[in-house]
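Chemist: Chain residues, written in single-letter form:
Number of protein chains: 2
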Amino acid sequence: MGVSERLWSLGKLNHVAIAVPNLESATALYRDVMGAKVSEVTPLPEHGVYTVFVELGNTKLELLHPLGEKSPIEGFLKKNTAGGIHHICIEVDNITEAVKQLTSSEVRALNPEPKIGAHGKPVVFLHPKDCNGVLLELEEA
Amino acid sequence: MGVSERLWSLGKLNHVAIAVPNLESATALYRDVMGAKVSEVTPLPEHGVYTVFVELGNTKLELLHPLGEKSPIEGFLKKNTAGGIHHICIEVDNITEAVKQLTSSEVRALNPEPKIGAHGKPVVFLHPKDCNGVLLELEEA
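So the sequence lines, in the order shown, correspond to chains A and B.
The opening position of the first sequence corresponds to residue 1 in full-length UniProt numbering, with each subsequent residue numbered one higher.
The opening position of the second sequence corresponds to residue 1 in full-length UniProt numbering, with each subsequent residue numbered one higher.
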């Protein structure tokens, strides 16, 4: 009890995720027109997306395109037919403590129990209504 | 003519701009709940916004709130009442060449002539319809 101790810290911006209706033309924009280094297309069937990473030096853009019938970005692309920023991902050093403190501060987690994310690390998504309309992913770095 | 030369490069992600309906509660989320270092509220009357910067180590979030009657984020907040990601800003080393090449590749600029942005540097906004639904700001670093 007494003085509250901070048991976790926020780290770097890991990525900005952009849902795109056409993965090839989106990749071409960043690679051919803007000259960025981009990854190969990586299918992640267990997450329902194809991904392409765009390197920006200090962080990356993650282009997402639906894979399979129940992709988590299907609904987003129906509403945003041109595509759009789907979420941002910030690193934390202790995701269990982060979720504990956030939920006690009335910031809801969409999955209170961390799950393994697209990079093989534990992640939690926070409710956009509690984060100024932003879907915020926390990833244990 | 002949081999085309690349006369500019894409650099770091300078910031992710988030439009927020309540600047105090948005700042409190990042400062008090998440423990991030945040700036004072800075009014930028010539840009029609109040800003607060959230430091993330490798980049920053820029919280935006309308200032004055003709704020450029007023319409966005009417559509997105909870707030949301308004744009991302990527650095370039030569904004004039960047705009020249982008427009010749049919990526439209909202202001083809660079203007002085919120950080006192030349910026150009690219048309979201040509960038996968993302409002993309280029800033000469």
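By construction, these hints were calculated from the structure, which means they are not laboratory data.
None of these values were measured; they are calculated from a predicted model.
Possibly wrong hints are sitting among the right ones.
Here are the computed distance ranges between Cβ atoms for each label pair [stated by the list, open to error]:
# : chain 1 : residue 1 : chain 2 : residue 2 : range
1 : A       : Gly35     : B       : Gly120    : 21 to 27 Å
2 : A       : Arg6      : B       : His119    : 28 to 34 Å
3 : B       : Leu7      : A       : Ser39     : 34 to 40 Å
For each residue, glycine too, the CB sits at the ideal point set by N, CA and C.
Chemist: For every hint, state whether the structure bears it out.
Modeler: Status of each hint after checking the structure:
Roughly 26 Å separates the CB atoms of A:Gly35 and B:Gly120, a value that falls within the hinted 21 to 27 Å. At roughly 30 Å, the beta carbons of A:Arg6 and B:His119 sit within the given window of 28 to 34 Å. Checking the proposed 34 to 40 Å range against B:Leu7 and A:Ser39 shows it is violated: the Cβ atoms sit about 25 Å from each other.
Comparing the model with each numbered hint stated earlier shows that hint 3 is the single one that does not hold.
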